[in-house]
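Asker: Work the whole structure out from these sequences, hints included.
Numbering (the numbering used here), first residue to last: 146 to 300.
Just so you know, not all the hints are guaranteed correct.
Ranges of calculated distance between the beta carbons of each label pair, as one might list FRET restraints [said to hold, decoys possible]:
hint	residue 1	residue 2	range
1	Asp230	Asn181	20 to 26 Å
2	Thr179	Val209	46 to 52 Å
3	Gln285	Pro246	31 to 37 Å
4	Glu196	Thr168	40 to 46 Å
5	Gln189	Thr287	22 to 28 Å
6	Val165	Asp230	46 to 52 Å
7	Thr168	Arg195	37 to 43 Å
8	Val158	Asn187	41 to 47 Å
No lab work stands behind these hints, which were simulated from the structure alone.
A virtual CB, placed ideally from N, CA and C, is assigned to each residue, including glycine.
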Amino acid sequence: MANRAQQRGVVLVVSLIMLVVLTLLVVAAVNMSTTNLHIVRNMQSKMDVREAADQVINQVVSNVNNFTMSSASTTAPDAGNHVVDGYQVTVQQPVCLSATPASGWEQQYSINPTAGTRYNDNWSVTAQVTSGATNGETSQITQGVEVQQMLTGCP
146 MANRAQQRGV VLVVSLIMLV VLTLLVVAAV NMSTTNLHIV RNMQSKMDVR
196 EAADQVINQV VSNVNNFTMS SASTTAPDAG NHVVDGYQVT VQQPVCLSAT
246 PASGWEQQYS INPTAGTRYN DNWSVTAQVT SGATNGETSQ ITQGVEVQQM
296 LTGCP
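Answerer: Listed below in structure tokens is the structure:
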């Protein structure tokens, strides 16, 4: 009989230990899923910030007037601050990296032969998201663009 009383106590202890282990596993699973949600939310915010900067860069690149400056003091029409989906995007003045005469271009076949030589101007455009991001994300995107024009826009 003494043996049977000892076994009942052991079953109780083993079942309590199993209950504690099971509870710890459930708590760990909940913490892991919460962490994964935070990671996904941060990745989505980062992608939104990058997309806002990319959208403004595409707007600047699509306007040739941003690349026809005659001096460094002239401001490109699309440079400055923009707001995209609640994000503040600042576009820096496009920077001309180089200008080379366009290959394959011959002045004698031009409609206006006195216009001069065509140039391939290589520009760098930089946009930075600095405020408006929900989790403090910032992103800076620099994109290169080549513009062919009659007169070089490089200062």
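Asker: Give a verdict on every hint.
Answerer: Cross-check of the supplied hints:
no.: 1; hint: Asp230 / Asn181: 20 to 26 Å; in the structure: holds (25 Å)
no.: 2; hint: Thr179 / Val209: 46 to 52 Å; in the structure: holds (50 Å)
no.: 3; hint: Gln285 / Pro246: 31 to 37 Å; in the structure: holds (32 Å)
no.: 4; hint: Glu196 / Thr168: 40 to 46 Å; in the structure: holds (42 Å)
no.: 5; hint: Gln189 / Thr287: 22 to 28 Å; in the structure: holds (23 Å)
no.: 6; hint: Val165 / Asp230: 46 to 52 Å; in the structure: holds (48 Å)
no.: 7; hint: Thr168 / Arg195: 37 to 43 Å; in the structure: holds (41 Å)
no.: 8; hint: Val158 / Asn187: 41 to 47 Å; in the structure: holds (44 Å)
The structure shown violates none of the earlier numbered hints.
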